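Engineer: Residue numbers (my numbering), protein chains in the order written: chain A, 1 to 243; chain B, 1 to 558; chain C, 1 to 306.
It should be emphasised that the hints constitute simulated quantities derived from the structure, not laboratory data. Note that the coordinates shown come from a computational prediction; the quantities given were computed from them, not determined experimentally. Everything hinted at is true.
Stretches of chain A that chain C covers, calculated by requiring three or more beta carbons in the stretch to come under 8 angstroms of a beta carbon on chain C:
id: 1; region: 49-56
id: 2; region: 69-83
id: 3; region: 106-117
id: 4; region: 189-199
id: 5; region: 209-221
Computed Cβ-Cβ distance ranges for the label pairs, DEER-style:
id: 6; chain 1: B; residue 1: K308; chain 2: A; residue 2: A193; range: 39 to 47 angstroms
id: 7; chain 1: A; residue 1: E222; chain 2: C; residue 2: R232; range: 52 to 60 angstroms
id: 8; chain 1: C; residue 1: G60; chain 2: B; residue 2: K354; range: 35 to 43 angstroms
id: 9; chain 1: A; residue 1: H87; chain 2: B; residue 2: K354; range: 36 to 44 angstroms
id: 10; chain 1: C; residue 1: K188; chain 2: B; residue 2: A480; range: 38 to 46 angstroms
id: 11; chain 1: C; residue 1: F66; chain 2: B; residue 2: A178; range: 45 to 53 angstroms
id: 12; chain 1: B; residue 1: K354; chain 2: C; residue 2: L183; range: 26 to 34 angstroms
id: 13; chain 1: A; residue 1: H87; chain 2: B; residue 2: H421; range: 48 to 56 angstroms
id: 14; chain 1: A; residue 1: L191; chain 2: B; residue 2: K308; range: 45 to 53 angstroms
id: 15; chain 1: B; residue 1: K308; chain 2: C; residue 2: R293; range: 32 to 40 angstroms
List of simulated lysine-lysine pairs, DSS-like, C-alpha gap at most 25 angstroms:
id: 16; chain 1: B; residue 1: K116; chain 2: C; residue 2: K231
id: 17; chain 1: B; residue 1: K30; chain 2: B; residue 2: K186
id: 18; chain 1: B; residue 1: K49; chain 2: A; residue 2: K230
id: 19; chain 1: B; residue 1: K137; chain 2: C; residue 2: K165
id: 20; chain 1: C; residue 1: K166; chain 2: B; residue 2: K366
id: 21; chain 1: B; residue 1: K62; chain 2: A; residue 2: K230
id: 22; chain 1: B; residue 1: K354; chain 2: C; residue 2: K166
id: 23; chain 1: B; residue 1: K470; chain 2: B; residue 2: K414
id: 24; chain 1: C; residue 1: K235; chain 2: B; residue 2: K116
id: 25; chain 1: B; residue 1: K309; chain 2: C; residue 2: K165
id: 26; chain 1: B; residue 1: K366; chain 2: C; residue 2: K165
We treat Cβ as the ideally placed atom computed from N, Cα and C, and that holds for glycine.
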Amino acid sequence: MQRKFDKRLILSSVLILIAIPLTIAFGVVFLHDRKYYFISIAILIYTMLPFLLVFEQRGPRAREIILVCSLSAIAVIGRAAFFMLPHFKPVAAIVIISAVCLGPESGFLVGALSGFVSNFFYGQGPWTPWQMFSFGIIGFWAGVLHRKGILKLRKLDLCVFGGLSTFLIYGGLMNFDSVLMFSSTINKDLLLAAYLSGIPFDLVHAASTVLFLFFIEEPMIEKITRIRVKYGLINESELLKDS
Amino acid sequence: MEQIKITGLSFSYPNTNGTGLSDMNLSVQKGDFILLFGRSGCGKSTFLKQLKPVIAPFGKRKGSIEFCGRDITSLSHREQSTAIGFVSQNPDNQIVTDKVWHELAFGLESLGCDSKTIRLRVAEMASFFGIQDWFYKPVTELSGGQRQILNLASVMVMQPQVLLLDEPTSQLDPIATANFVQMLRKINEELDVTILISEHHLEEVLPVCSRVLFMDGGRLVLDTKPREIGREMNRINSDMAAALPDCVKIFTAFCSGESPVNVKEAKQWLEATVRPQAEPETKPEQKQPLPDGAPAVTLSDVWFRYDKKERDIVKGVSLQIRQGTVYSIVGGNGVGKSTLLSLIGGVYAPYRGKVKLFGQDLFKIKPEERYRDLFGYLPQEPQNLFRRKTVRLDLEELAARISPDRESAEAQIKNVSEFFHLEPLLARHPFDLSGGEQQCAAMAKVMLTNPRILLLDEPTKGIDSVFKQKLSQWLKALKAQGKTIVLVSHDLDFCADCSDVCALMFNGEIIAENTVRQFFTGNRFYTTPLNRIVRDIFPNCLTYEEVIPLCRENLIRG
Amino acid sequence: MWAVTGMFQKNSPDAFSSYHPVILFLYFCVVLFFTMFFLHPVLLAISFCSVFLYSVQLNGRKAIRFNIFCMLPVTVIVSLINPLFSHAGVTILFYLNENPVTLESIAFGIVSGGAFITVIIAFSCFNKILTSDKLMYLFGRLIPVLSLMFSMTLRFVPRYKAQIKKIANAQLCIGMDASHGNLLQRVKNGIQILSILITWALENAIETADSMKARGFGLKGRTSFSVFSWKRRDKTLLATEAALLFALLLGLGLGKFESVYFPAIRIAWPEGKSAAFYLAYALFCLLPIIVNRRENIVWNKLKSPD
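Please build the complete structure, drawing on both the sequences and the hints.
Structural biologist: Laid out in C-alpha cells, this is it:
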C-alpha cells in the first residue's frame, strides 16, 4: 500500500519538478504570444494525471469503479436532460454529492469523466480539458472539505458550497480559458470584461447547482449510502460514525 | 468423472430476509446438463452463486463444495474466473463495455492475455456463436436476445469447464429463448461443458437437459431424469407440478412410465392412447361473434411512427374493445404491440386516426383526468414506477395525490394491498423485491388510481408459474368488477387462459382477431403448446384443465 | 481460418480514418499544435484550407453551410474582441474612447479568430474519425482501468437515456406527469425523474459489478485488447508523418515559423529555402486528402477496364 502510494508521489514530483518547468521553458522560447495558452493547458493536464491514475495503482474494485461510472453517466444524462435550459446543468451537483459520499479522489474522477464523456455528445474541443478539470476539482474539494469535517452533510452547507464552487471555480476557470483562447496576454481589462460578461451564465449555472442540490441532495445521498451498504463497500458501523 | 461434489451444504443470510439453503447433497458429473427449478425464492440463485464464491452473497455457510477434488473456496479468483462461468437473468445488467468486441474481450483482458491470444479466442467464439456480423456494433443496437447471446459468448471465451446460468431466458421472447437454449445445447454437446441452469419455464430446456433438480424451501427435493420428473413430482404431490410443460403433465395424468418431453412425442403417445373426439361442436375456422357490450376502447385507422423520417410502426389499426373483457394482443418481437398499447394509453399520439375511450376522444380528455379513474398502465419494467424507498411510502404518495382525504387514502392502500397480498412487502425497498413481487407492487400502484381500463405490457415477463396463476386469477376478478383489460404478451398459455378476445399483430397491422378459442384453434403455429399436442384429437381444447376430462372419457382401454 | 480477417476490418467514414489510430491522433496533435499555439498567418492559412477541405470530404455540403453561417460571425467577433481590449503594440492607428487601437492587436485579433475557426473545424473532423474506441485504444495501454471506466460510462449513457424515456412514460401513466405545468414545475418533475433514474441505475449496477468480478476483473496484470493492429501501410504512413514532423521541428528550432505580434509584428515569411518547411507543413496537413485521393484513383482504375 505504502509503495503504491509512493509511485503516485513520484509521478507527481516528476511532473512538478521536471515536466512543468520544461513546458514553461518551451512555451517561452518558441511560442511567444501563445505561451500562456499552451502552458496553461499543459499544466492542467499534468495536474489531472495523478488524480486520473487513482484506480490504476490500487487493485481496482469492481463495485467502486462501477459506482463512479454510473454516477458520471448520470451526470452526463442530467446535462442532456436539461438541454433546453442553457447553462442549467446538474453536473456539479451530482459531482459534489458523489464526492461527499465516495471521497475526494472518486469525486474528482466523476467530475473529470462526466466532463470528458459528455463532450462525446456535445463535441470535443479545446475546452474539454478545462471542463474536466473544473468539474474534477469541484469534486475533489467537496470530498476533502467533507473529510475534514468542514463541509457537513447538511442541505445548507452543500448548497452554499455548490453555489460558490460552481460560480467561482467553474465560472472562474472557464472564463479564464476563453480569455486565453482569444488573447495574447492576460490583461486586466480583458479579464474584467470576460468575467463580467460571464456573470449571468455563471449565475444561472450556480443557481441550477444550488437548486439541484436542494432537491436531490438528501434522496441521492440516501441512495448511494444504501447501495454502498448493499455492496458491502461500507458497513453499518462506519455509517453511524459518518452521520 | 465427478466434477463437483456437494456435501451437507447449508447457507443462511445474515439478515433473515431470503431463504438460505439447508443440507444439500449433489454430485455433478462432467458433461452433465442440469436443469434446476422451483418457485421463485426457493434458493436456486443462492445455490448457483455458491458454486462461484467470488460472487456468492455474504452469509454463513456450512458443508463443503469440492470442484475437481479441491475445496471450491481454495480456488483463486483467477482459477474461478476461467473454470466457472456465470450468466445471470438480466441481459443488460451483465454487459460492461460499450462495444461488442470489447465485451467479448473483457474477461481475457482481466486475465492478462496478450492481444494475439485474445484476438484468436474472440474470433473463435464469435464464429462459434455466429455473431461476427455485429462484432463492431455498440451493444445498445442489439436486441435483448442478442445481448444474452453476447453475455454467453463473453463467458465462453474464457473456456470454462462449468457454466452456471441463473434464469437466463426469463427476459427473452420465445424465439430468442429457443435460440439461446440451442446455443447451450451446442456448448454442452460439442464442447463438453457442464451446464447448470435454473429456469421458470421448462418447455425449452427440458428436452435438452440430462438431469432435473427440483428445489423447495432451500432444500434439494428431487434429482431425476427429465423423462421421470412428471412422475416424481406427482409422487411428492407438489403444487409446482403445474409448472411442468403440458406434454409431461398430460402424460403423467394417465401413465407413470417415461414421459414424453416434447410436442411430437406427446402427440404420438396421445394418438395411441386416446380416441379422437367424434365430432367437434364448432369448426375452428368459423368466425365467432365478438362479445357484446359498450365499446371501452375504439381505434379507427390509427397510424403511428416515432419520427417523420422513420418507418410506420402502427399501420391503420382499427379495433374495438368491449367493456368488461380481457383483450390480448400477441405477435413476435418488434411488430408494434407495445407501441399500440402506449397509443391506447395516450403516451403517444397517432399522426392519423382516432383513439376513443367510452366514445370520447382520448386527447380531448385532460391529462389530469386521463390517468385518474380512467387508465392504468403497467409498463414492461415495473421498476420504472417506483419513486420511494419503501413500497408503503410509494403507495402513500400516489394515494395522497388521488384521494380527497387521509382516511380514504389509507382505505385505498389497504384495499389494494389486500387484493394483491402486499402486506408483508410494504416495509421493503421496491428494488429488494423479486420480479414477481415487484410486479405485484406495481399492479397495486396502478390499481390505486382506480382505472376503468387497465393496460398491461408483458405482465408475465420474468415471473414463475405460481405467480402467473395468481395474476390470471386477479385479472379475472378485475374483469368481474367490470374493468376492461388490454394486455400485450408473448405468453400464449397465459393469453389463452385469461383473455376473451385475442388479436395477432404483424408488421404494425392486426392480422387476425377473434374470440380466444377460435383464435388459437384456428392457428397452427401461433397457439398454445397444449393445443399443438391435442389439435388432431380435440381441436377445440386450449388448456390442460379442458383436456384431461376429455381424455378420460375417450381413453382406449387395453 | 473462417472469415476472421474480415471481422477485424471496421467500417470507416473514409480511407484515412481506416488507418491506425496512432496515425490519426498524431495528425490532429500536430495540426492543432501548430494552429493553436503559433498564429503564423501562412501556417494558419495552410491548416485552415486543409481541415476545411477535409471536413467537407467527411461531412459533405452540410459542413460548408455550417462553417459559413455559424463560424464566420464568431470569427468576426473574436477578431474584434482583441483590439478592443488589448492596447499593446507600437503602431497606433486611432483612438476609440481615448483608448489606442493598434495595428498589432488588430492583426492578432484576425489571426486568433482564424485559429479559432480552424480549431473548431479540426475538432469536427476529430470527433468524426477518432471515435471513442480509438481514443480508448490510445490511452488503454497507459491507463487501462481509466480507459475501461471511460468505456463503461459510454455504455451507461445511452442506456440511461433510453431508461429515462421509459421512466417518464411510466410516470405519465400514473398521472405523475413531467411534460405539463410551468417551468419550475417541469424542472421539479425533471429532477424527480432523474432521481428515479439514479435509484434504478445504482441498484442495477450491482449485477454489472458481479458480472465484472465473475469474469476475473480485479486480477493483477490486466491487459488492454484492441481491434487495431499495425499493417504495413500503417507503418509507411507513420514513417511519412515522422519524416515531415522532423522537418517541422527542425524549422521550428531554426526559427522559420516565428510570428510575434507584440510589441511589434515580426513574422518569418517563407522565402527561398525556408519555403521547404512550409511545404512540409502543407504536405502534413493535406495527408488525409492525399490518402483519400489515392484510394479513389486506385478504385477507379480497378473498376474501369483498360
